[in-house]
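Asks: Under this note's numbering, the first residue of the sequence shown is numbered 1, with each subsequent residue one higher.
Source of the hints: derived by calculation from the structure; they are not laboratory data. Given the structure is predicted, the values throughout are model-derived calculations rather than measurements. There may be inaccurate statements among the hints.
[To be verified] Under the rule of at most 30 Å between Cα atoms (straight-line distance), these lysine-lysine pairs were calculated in the DSSO-like manner:
{"hint": "1", "residue 1": "Lys24", "residue 2": "Lys237"}
{"hint": "2", "residue 1": "Lys24", "residue 2": "Lys343"}
{"hint": "3", "residue 1": "Lys206", "residue 2": "Lys248"}
{"hint": "4", "residue 1": "Lys159", "residue 2": "Lys231"}
{"hint": "5", "residue 1": "Lys127", "residue 2": "Lys36"}
{"hint": "6", "residue 1": "Lys366", "residue 2": "Lys402"}
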Amino acid sequence: MNQYDLVVVGSGPAGRRAAIQAAKLGKKVLVVEQGKRVGGVSVHTGTIPSKTLRETALNLSGWRERGFYGRAYRVKQEISADDLRRRLLITLDHEVEVLEHQFARNRVQHLRGKASFIDAQTLQIVKDDGEIIRVSGTSILLAVGTKPFRPDYIPFDGKTVLDSDELLEIEDLPRSLVVIGAGVIGIEYATIFSALDTHVTVIDPKTTMLDFIDKEIVEDFIYQLRDRNMKLHLGQKAEKVERTPDGKCSITLDSGRTILCEMVLFAAGRMGATDTLNLPAAGLEADSRGRLSVNPETFQTSVPNIYAAGDVVGFPSLASTSMEQGRIAARVAVGAIAKEPPKFFPYGIYAVPEISTCGLTEEEVKERGIPYECGIARFRETSRGHIMGLDSGLLKLIFSLKTRRLLGVHIVGEGATELVHIGQAVLNLKGTVEYFVENTFNYPTLAEAYKIAGLDAGNRMGELVAKG
1 MNQYDLVVVG SGPAGRRAAI QAAKLGKKVL VVEQGKRVGG VSVHTGTIPS
51 KTLRETALNL SGWRERGFYG RAYRVKQEIS ADDLRRRLLI TLDHEVEVLE
101 HQFARNRVQH LRGKASFIDA QTLQIVKDDG EIIRVSGTSI LLAVGTKPFR
151 PDYIPFDGKT VLDSDELLEI EDLPRSLVVI GAGVIGIEYA TIFSALDTHV
201 TVIDPKTTML DFIDKEIVED FIYQLRDRNM KLHLGQKAEK VERTPDGKCS
251 ITLDSGRTIL CEMVLFAAGR MGATDTLNLP AAGLEADSRG RLSVNPETFQ
301 TSVPNIYAAG DVVGFPSLAS TSMEQGRIAA RVAVGAIAKE PPKFFPYGIY
351 AVPEISTCGL TEEEVKERGI PYECGIARFR ETSRGHIMGL DSGLLKLIFS
401 LKTRRLLGVH IVGEGATELV HIGQAVLNLK GTVEYFVENT FNYPTLAEAY
451 KIAGLDAGNR MGELVAKG
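With these hints in hand, go ahead and build the complete structure from the sequences.
Replies: See below:
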């Protein structure tokens, strides 16, 4: 039986970062991946495909230029599913090539097969050709990710009623789409197809959406969606989904309303992909959604030599945080020192428009009883915004009145997921409103919005009184 210092199950963001980190520390590492190619959900059905689809849709539809040329403007008049898939395949091939090269140069061994526990230190791996091998790991890291939640009452067929993985394989773009689920994945795909001029309806039983995002940002976001005629049925549940004789779909809401469309995307949650691991043999148990509980500082499970990282441990379920979780887990697993990551990390939602946030929301600041002030900048106030033809976009900064320190940065609009890193750095370095007021930003840039928001807040907070 092959013995390793660390066996990693899954090659997504958490798994690959963990494997490479352990290898750089001189450890013998094996990565087991059940997919056809390395990369996991992130590369093949999740993060990279959805963001590539978004970028392709915005480019071919001419979305970013419509502020100048009108809503009817399109770069390519007839956009097909093949147009979207062509760029996707090129991107995925590149991602896999880079990852395989990283494994090779760091001497990380990897094999394809389905892993399951025999005991807490031993895994059985069934390869594609039926061969069964056993491997043993001093430590084992589970980075198996998630899979779409598929309830029995939804008649999935892979063509007209799909989950988020199947959406990438569609043959034709629908003229109308109903998205069930107003979470991050549902909203991202809903807005991408809306940018392609598909008539989109979103249904969710909750009366609100994206509750972890600052409420003012969500309100601005919802206004933009409704302004382009997206239908939002919040606080209503899809009780029945049926295929009609003419090949379309019928969705019946608990309010009694019926909605007809060409395609349905069910995106109401994901499940940890732990059902085939034989967890009881290792002394582990997943929750009702297939997720594993871990120590949030070490990512150690209830079994001392078994770790878990990435989406399988739940919130925040981001590729960026999964990478850090994997790195930290690997260092702890092989006995190296692991420093706690900075307190604040950015959250990015790649919808159209983008949303990104870091730090405390205004609602959280109120709950903590912190005296505060906000500064607001709209992208149309910047020269760069004028050049780009932007008529929307909002940056919000929240400051403590007592310490003048930045407490949170929240952005909705073009480039939000890039812009947020300025605020993230200031947050983690404990910067104050003076940083934004006194520093010079490149002109013309959207980053200039930080200066505008800083001045807006500073004017309300008053000048800093020097002591001594």
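Asks: Does the structure keep Lys24 and Lys343 at a Cα separation of 30 Å or less?
Replies: The given pair, whose Cα atoms are some 26 Å apart, holds under the 30 Å limit.
Asks: Checking one constraint from the list: CA of Lys127 to CA of Lys36, max 30 Å. Satisfied?
Replies: Cα-Cα ~11 Å, so holds.
Asks: Take a quick look at whether Lys366 and Lys402 sit within 30 Å of each other, Cα to Cα.
Replies: Holds, because 14 Å separates the two Cα atoms, which is no more than 30 Å.
Asks: Are Lys159 and Lys231 close enough, with their CA atoms no more than 30 Å apart?
Replies: 22 Å, holds
Asks: Is the hinted pair Lys24 and Lys237 satisfied, with a Cα-Cα distance of at most 30 Å?
Replies: 50 Å, violated
Asks: Please verify whether Lys206 and Lys248 have alpha carbons no more than 30 Å apart.
Replies: With Cα atoms ~26 Å apart, Lys206 and Lys248 stay inside 30 Å; holds.
Violated hint: 1 only; the structure is consistent with all others.
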